[in-house]
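Going down the list, the protein sequences come from chains A and B. Under our numbering, the first residue of the first sequence carries the number 1, and numbering increases by one thereafter. Under our numbering, the first residue of the second sequence carries the number 1001, and numbering increases by one thereafter.
You may find that some hints are simply not true.
[Unchecked claim] Below are the SDA-like pairs computed for lysine to any residue, each with C-alpha atoms no more than 20 Å apart in a straight line:
1. B/Lys-1325 to B/Ser-1353
2. B/Lys-1325 to A/Glu-16
3. B/Lys-1325 to A/His-94
None of these hints come from the bench; they were simulated from the model.
There are 2 protein chains.
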Amino acid sequence: MTVSRLRVDAPGGAYEIVTGAGALLDPRSWQGVERDAVALIVTNTTVGPIYCGPLMDRLRPSFSKVAMLELADGEAHKTWTSIETIVDALLDHHADRHCLLIALGGGVVGDLAGFAASCFMRGVDCVQVPTTLLAQVDSSVGGKTAINHRRGKNMVGTFHQPVRVIADTDTLRTLPQREFVAGLAEVIKYGAVADDAFLTWIEQSLDALLVRDAEALTEALTRSCQIKASIVAADERESGPRVVLNFGHTFGHAIETGMGYGQWLHGEAVGCGMLLAAEASRLAGLIEVQQVRRIAELVRRAGLPTRAPSLGIERYLELMRGDKKARNGEIRLVLLTGPGQARSQPVEEALISAVFHEHEG
Amino acid sequence: MTVSRLRVDAPGGAYEIVTGAGALLDPRSWQGVERDAVALIVTNTTVGPIYCGPLMDRLRPSFSKVAMLELADGEAHKTWTSIETIVDALLDHHADRHCLLIALGGGVVGDLAGFAASCFMRGVDCVQVPTTLLAQVDSSVGGKTAINHRRGKNMVGTFHQPVRVIADTDTLRTLPQREFVAGLAEVIKYGAVADDAFLTWIEQSLDALLVRDAEALTEALTRSCQIKASIVAADERESGPRVVLNFGHTFGHAIETGMGYGQWLHGEAVGCGMLLAAEASRLAGLIEVQQVRRIAELVRRAGLPTRAPSLGIERYLELMRGDKKARNGEIRLVLLTGPGQARSQPVEEALISAVFHEHEG
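So here's chain A without its partners, still in its complex pose (with noise of 0.2 Å):
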């Protein structure tokens, strides 16, 4: 068994990456986080049962308390009755400012599970361990935590790092492919804006990924965790280069509102939005067809949505206005400008509305 670990420096924190086959259960991934304390996980219904058991074993001469939360599973229940839901059993626990929060399963686990720990007494320390592609790749590393409002997702949270993530591979076995699939739009994401010969090492590894091959994983893994960590250390409030992150959030955010959250997976959205916003670039005169058609080649081959739904040019406009990164109502989207190269800036919405034209419905 390989743990290796990676170090993220960023200013609110810097914390490591532990990542490979058999890594939730590893000795080794849970040193220098255990403490006299209690440790409450936060998991949901689909996972919770798989690995909760094992992983409460392996922690409990290492706490003074080791306690477990189930939530319900999905994108509907970020709310902030779930933090409350938290909250309530850390103080069931006695769970003091000493705890620790370990957040064991998808993005909406770990979003959830990442602002209580930012707001339980001020700020509480917290582990993530996340069991989904699309979490391990993205968004269990740079500190973002979320819940959502009716009027946009994400729309409330904080940055709040962990103090660890530890990634097992192996945990991606019992992931459904669709979620599987949903969790390669990340990859092929820092590939766009970050890395042109990654993207090219994605489109030569894309069939050995689709059937999980193990090796194939821990580099996808691997560079895509180097590739963010990098970013979210230069720019850990997203003022800056950390925007290119974003890369498909904006159509996508939009598509998974429109849609109601729950309905479009996050990465299926995100997938079908790089598409659109490699079509706006091209559409700016920022890159060529080629390689929108690079990006659009990967999205099907990964088999993920290529068409936008039918929700109305006006819905999306209205949708993408209310975007958190807008300013004064202008929407800004992150466009591809060469190869492995991107940039946010403003965009009219009547080439937005050309690239649902060509793509929605």
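With chain A fixed as given, assemble chain B onto it according to the hints.
Just chain B now, with coordinates in the frame of chain A:
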């Protein structure tokens, strides 16, 4: 009109405290925080009708839009529901990440607007405009934000430094005497835990303070903010020396929570709590009886309560075990260790019982 500026060098960001008569509408107070974005003034139904109109007129030329939101007044409204009301108002006014929240009111408004600012779109700027003595000398400085939980005051919150604090002593003129007196508790606290010469000055100036003599008020405000700023700069997240600012607060929170929020004002509970904590310090052998008498005399002269309400010792101990500063259920108190000196330490429950035996009911 004299406006003085005091700089706070918190690790989470440096900012200025602007104090003085007329500071609220003085254009210099707002220099550097104006922006081409939405400003939302969060206020309450008591203060809003008096100050909000002139403030909006003052700010309108400096922002793309100035809006206001009046919340119900009182500790009972420091809830997530109020945070959602603020988020809804921000979205109604198309506020984006560059917006500015302005907390115009007392500690409740400051805590709510501060917490909303810390998590709306993962963090936006906030200006604190405290209009009560308590908020001017304490809660507006230092970046603490919070909402209450039915099982504990300020149980959920964040550290989120304001970008400016504007404390206008003129706004204290309309403050009810009971609230004014409650604010004096925190002024006394600074002398007790950090500056014996200031405590002596308070003893000499208390009569002038009680009739709100402008000169005495400005001096009390300035020295209190200086003490708080220097302590916050050294310890933003209350892991070290900042903890002494909780002198009287563990007893005080127990009184507030035990009586139900809003029955005792925070400052009243802290005033009584300081007397109890001074007595605990004496029982622990840390200070002489004369030092207890100085605190007790100031609390009495200020008109703050000198006896704890009859909740029963068991109920008090239960509440204090759940305090945010407790460690594995062990009660910790800030105790006086000499003139202008204090530290936090674990305290036997028998000692706490002895304090209540003398001072309850």
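Taking the hints in turn, this is what the structure says about them:
| no. | hint | in the structure |
| --- | --- | --- |
| 1 | B/Lys-1325 to B/Ser-1353 | holds (19 Å) |
| 2 | B/Lys-1325 to A/Glu-16 | violated (28 Å) |
| 3 | B/Lys-1325 to A/His-94 | holds (12 Å) |
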